[in-house]
Amino acid sequence: MKQNEITQSFDVIIIGGGATGAGIARDCSRRGIKTLLLERLDISTGATGRNHGLLHSGARYAVTDKESAEECIKENMILRKIASHCVEETDGLFLSLPEDDLSYQSKFVEACNQAGIRAEIIDPKEALRLEPSANRNIIGAVRVPDGAVDPFRLTASNVMDAKLHGATILTYQEVIKIIREQNRVIGVKVLDHKTNEIKSYYAPVVVNAGGIWGHNIAKLVDININMLPSKGALLIFGHRVNNIVLNRCRKPADADILVPGDTICLIGTTSSKVPFEEIDHMRVTPEEVDVLLREGEKMAPILAQTRILRAYAGVRPLVASDNDPSGRSVSRGIVLLDHATRDGLEGFITITGGKLMTYRLMAEWTTDLICKKLNLSAICTTATEKLPGSRESIEEISKKIISVPLTQRNSTIYRHGDMADRFSENTPLDNSLICECEEVSVGEAKYALNELDVNNLIDLRRRTRIGMGTCQGELCACRAAGLMSDMKKICTNRAKADLTSFLNERWKGMFPIAWGDTLRECEYTAWIYEGVCGLTSSSKK
Amino acid sequence: MKFDTIIIGGGLSGLISGIYLSQRGLQCVIISSGQSALHFSSGSFDLLNNLPDGTNVQKPLDAISELIKQAPTHPYAKLGENKFKALTQQAEDFFKNIKISIQGNHEENHYRVTPMGTLKPTWLTLKNLLISENGKCLPIQHPGIFNVTGFLDFYSQFITDEFLKMGTKCSIHSINLPALENLRKNPTEMRSVNIARIFDKQENIKELVQILKAESKDCDSIILPAITGLNREDVVDYLRKEINKPIYLLPTLPPSVPGIHTQQKLRSVFQQNGGVYMLGDTVLRAEMKGNRISQIYSFNHGNIPFVGQNFILATGSYFSQGLIANTERVYEPIFDLDVTFTPNRTQWYNSDVFESQPYQSFGVKTDNTFRCMREGKIFENLYATGAILEGFNPLKEGCGAGVSILSAMYIAEQILSK
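Protein sequences, first through last, are from chains P and X. In terms of my numbering, the first sequence opens at residue 194 and continues consecutively. In terms of my numbering, the second sequence opens at residue 15 and continues consecutively.
Looking at chain X on its own, in the form it has when it is part of the complex:
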């Protein structure tokens, strides 16, 4: 099989580079082993919330020069200040262009609402999710929080107590439909995605409208857990129109319905642009010629190679096994690329789980154009993007999605300019 670009990994960064390249006429394949981080997304993409030294960041563009000083191998440092600025704007245009509606922009962080009801700074938030512009108050005064009876992954009481601190007084309600009773009979079925399938059906949505109408008389707005919009996007708009009140979604514990919907949307945009998406396959090994990757082999395709001009490694970090740790080292399993890590295992962790964990900053070494290397020698046509990269802490810096999106677009530009 021959492609212009072969992308290993079908998460955010793999899909974005794939869409970017196929929109510009390159024949791409994405080989994905399964779920990605989008499946448990908050529904928001962070760009930069904190500098490596812990300083809070309000305006990411203003902080980038300081970040480059503090963390010279950070993916943003490799982009450089100007490119970083240009790419953030491009990314926002990119989402608009493929009709993923978002709130927020790169000028200043806004705040998303966590499943615990607290606020956290972020860059872009999917439409319909509740946000706060200033991190101090919410745009609603007396919302009704409606949870599905028996749904254990959404916490109305936590949210109510946190919102009260910001002057928003919630009332708590529950939703019950005959269709939900069937789910409840099986003790493991009351999970967000299963509930969302129920609320994809028009007759159930109509019943939901009746419940919300009847119970929201004293509410200025309605808050629902993000359990709608798995396979259709119009549910919240429809509810808004029928009930004539602002309606907001809040993220639940995983799986994330908005995240899965976004993943599916990105995938279909990729395929509409001529991309080939192979799901459930794992890349096993590669063949090299000199300082170039010539072809790779996958589990499903046995001895039929994938031959390509360029290769993008978007396999993520430990969870998705882009990186693997054993008792002695951290390695990259497909190409055995150079990985930055501390040799002494005791130094991979901090004993407080909420402190910065060094293992989270380990990743594959690249040059400033994100080309990978082995034993110090650069591969000319192998690029790494997203969570597998070295030099950043996605949680402490609040930059995981930003690194995935910006590095993917940057690599795509590099490949196009060749």
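Looking at chain P on its own, in the form it has when it is part of the complex:
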């Protein structure tokens, strides 16, 4: 490890590249604050990239947590405007099955109305007409303004806007030390995983936006935040069986949300406490898979015959209130801690709790506090100013890239909104497809490699959907690796090592559900990469 003392000064340093960190970077930079965001891996690698992608209406929380419900519906309406290219306005149905208590429905609708959420009881027949994949035996249905949101795109757009406003975003930089001067935080020391160098950055305010990992970041300055890692497992199906979000109309429980997104749909989640030692190594167990399937099939019976693509799990950063060390009274609400008042440590803020839906509000609160500390009076604009990608209508963008083949045009606009014309040189070479499942072209991959902070194949997957489709990276992984080395983004040794880790990352999500067609696909992948191509895990070296 090289000790390389590069020092740079900023107004604020944000630790964590999830939706919250990216949102804070956007808010700060728009308010004229000199901002640095540090992420130890890639953006969206924590809980941000490991959830349902549900644009909550708040209905789920209406009965149990009115405050969260109100926050949700407000942010829901804001995201539809500022992040239209990341959002699908699908609506949601809360279904009552014969085994559910129908009297819960009226309580549910009343709570929704009180929280400001439009909730409309509809005839089960009407519900089935709207969503034919729903269980034919439902006895009740309520329509709410749920939707789907792509967290990868949302975070990437926030990062893009932050950069446009002068923020510095550095990925693969792990904070290993928080530098303090008496009772004041003045900067951080990071390990650059790309060069193995140690660097120092200075700023009068440091924000801990590390999600569940924020627990360990606070520990660097001996501050204890009473966090409770809560694992949630989900399954991705290979088809989009539903077009409307399906929920169970009962007290929130396991596997009662089915969300459509892109070409797929997702069932989740489970909820179980896990120890901190495991948060970097989430594995989905056969029991979790069984619960998700059993419950999912109750809402949409067709899931029993639908191929599962992948199983994965995220960790929610739940926080117990400070006066409750037992951790029984956890909230899903937003937790903003000013460590100057809480712990007597100036210049250090922790933002945690909350959820993807409220990332923008969390960023606003945090940035307000940062401004207070920096004696600035700039106001927040993130609720009204649209994100890059959402600034033009689909019709306008379509016109600009009209000569790109239709299906490809639709996919790229779906994924990149008004940024789609950035990568359309529209030559036959750029239009040729790397990934057939998800219609990712050479041009799109090149754009991501050049402009979206992509360091490896897994990063590229998060920006484009390469390898996210039915085949889970059969041939596209190799093609993308080839492209990366051709573009001199990485040397061929790195490209191959990258391919190895990409395949292992895919496998991690596949083996918990590897039977039927998924196992066929796994066997084929093994034949191609291990058999024909001769890749081994020692290709890393």
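FYI, nobody ran anything at the bench for these hints, they're computed from the structure. Heads up, a few of these hints could be off.
[As the list claims (entries may be wrong)] Each computed DSS-like pair below joins lysine-lysine, with the alpha-carbon atoms no more than 30 Å apart:
1. X:279 <-> X:113
2. P:682 <-> X:183
3. X:220 <-> X:113
4. P:681 <-> X:183
5. P:412 <-> P:227
6. X:73 <-> P:681
7. X:179 <-> P:639
8. X:199 <-> P:592
9. X:231 <-> X:179
10. X:379 <-> X:73
11. P:370 <-> P:466
12. X:410 <-> P:701
13. X:220 <-> X:179
14. X:215 <-> X:227
15. P:639 <-> X:141
16. P:639 <-> P:681
17. X:259 <-> X:220
18. P:639 <-> P:592
19. X:303 <-> X:16
20. P:681 <-> X:215
21. X:179 <-> P:681
22. P:682 <-> X:199
23. P:491 <-> P:412
24. X:379 <-> X:410
25. P:639 <-> X:183
26. X:279 <-> P:682
27. P:681 <-> X:220
28. X:179 <-> X:73
29. X:199 <-> P:593
30. P:681 <-> X:231
31. X:141 <-> X:179
32. P:387 <-> X:179
33. P:259 <-> P:444
34. P:387 <-> P:639
35. X:141 <-> X:227
[What the hints assert, rightly or not] Cβ-Cβ distance ranges computed for the label pairs, FRET-style:
36. P:498 <-> X:390: 25 to 35 Å
37. P:497 <-> X:303: 32 to 42 Å
38. P:357 <-> X:245: 53 to 63 Å
39. X:122 <-> P:363: 21 to 31 Å
40. P:599 <-> X:121: 32 to 42 Å
The C-beta atom is built at its ideal place from N, Cα and C for all residues, glycine as well.
With chain P fixed as given, assemble chain X onto it according to the hints.
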């Protein structure tokens, strides 16, 4: 429909047993549901690269007794040492006899070049593909690598970097013809087989000669991705003659042009010997009399049975659905044969994708003559061959093609000796 032998599965093992039997006068039918593993072949056939414990194997014949000790249900163990030796020689003669030109022999493994540019040991390699005799260096010093512009399934840079480690210095070139422009207009068309169709045409081959001649002045040889020779075999010989330099092919990502050509060749040899090849049909169920299979029914033929003396099951493993896994078990769908597998699903996999995966060694149980069984009772006239067999790991041991070829020939001998 009556046949002497009914073969289910039209891949390597099905075709080899079919050719072997029909050459000796038996009336055979092959019922094939579609593509086989040959469609994504490397262009080489492996015999034995590693023992089950991971020991590297240089000379397969010398390692076979140790293999039998380590893996008693391995298909090679069922053949036994002497039969294994005899069959490897027979297999090489078999390919020569049906005019499939190959490099390599059973005495010692040679090395094929992977699409990544690395070397991997193997037994037999189709002609025109580049090989290394010793696994340390290549027979060429300054080759020019020519890829088709925009062809994403061949990686000149990977190959160049790997070859440099072996002292071979490549130069990278690209090929572009007007005929290729048409392919490029459709974003999904630049794949090996489509390109190969272009290079089946004489006028395009002539243009290729001009490009190669003009650009290979400083090269001692020429390397092309395996995108020629889909429907004709003379292209590389013709290029060699015209350009007067050694010309080699390297495998691409699938589909595999050399593999598909081999499949087509085997199929036509089978048909020339009187075999009936039914493509696009799936066998659904069987009827038994005592410990014999009497007839089988297929999707396309409805209630018209296939009646035969002997049956060969060459349906492959999971990919081709010779074996099917659900959450509880691994089963064989046509006859519901006894299958060797671990009951606990969590033990089917290793969490590192490149480690040995137990599911890959599951397969149908057989006796030492590859006859199948159900509930422990042997069927006298049902044999299994190839990837569906139990007791071996084709990837870790590097023995998939060898098991297919040798077990197919062995079964054919058994049937003939009845």
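Results for each hint:
no.	hint	verdict
1	X:279 <-> X:113	holds (9 Å)
2	P:682 <-> X:183	holds (22 Å)
3	X:220 <-> X:113	holds (26 Å)
4	P:681 <-> X:183	holds (19 Å)
5	P:412 <-> P:227	holds (26 Å)
6	X:73 <-> P:681	violated (40 Å)
7	X:179 <-> P:639	holds (29 Å)
8	X:199 <-> P:592	holds (20 Å)
9	X:231 <-> X:179	holds (23 Å)
10	X:379 <-> X:73	holds (28 Å)
11	P:370 <-> P:466	holds (28 Å)
12	X:410 <-> P:701	holds (20 Å)
13	X:220 <-> X:179	violated (34 Å)
14	X:215 <-> X:227	holds (18 Å)
15	P:639 <-> X:141	violated (37 Å)
16	P:639 <-> P:681	holds (11 Å)
17	X:259 <-> X:220	holds (16 Å)
18	P:639 <-> P:592	holds (22 Å)
19	X:303 <-> X:16	holds (16 Å)
20	P:681 <-> X:215	violated (35 Å)
21	X:179 <-> P:681	holds (19 Å)
22	P:682 <-> X:199	holds (27 Å)
23	P:491 <-> P:412	violated (43 Å)
24	X:379 <-> X:410	holds (20 Å)
25	P:639 <-> X:183	holds (28 Å)
26	X:279 <-> P:682	violated (42 Å)
27	P:681 <-> X:220	violated (34 Å)
28	X:179 <-> X:73	holds (25 Å)
29	X:199 <-> P:593	holds (19 Å)
30	P:681 <-> X:231	holds (27 Å)
31	X:141 <-> X:179	holds (25 Å)
32	P:387 <-> X:179	holds (25 Å)
33	P:259 <-> P:444	holds (14 Å)
34	P:387 <-> P:639	holds (21 Å)
35	X:141 <-> X:227	holds (22 Å)
36	P:498 <-> X:390: 25 to 35 Å	holds (33 Å)
37	P:497 <-> X:303: 32 to 42 Å	holds (37 Å)
38	P:357 <-> X:245: 53 to 63 Å	holds (54 Å)
39	X:122 <-> P:363: 21 to 31 Å	violated (53 Å)
40	P:599 <-> X:121: 32 to 42 Å	violated (57 Å)
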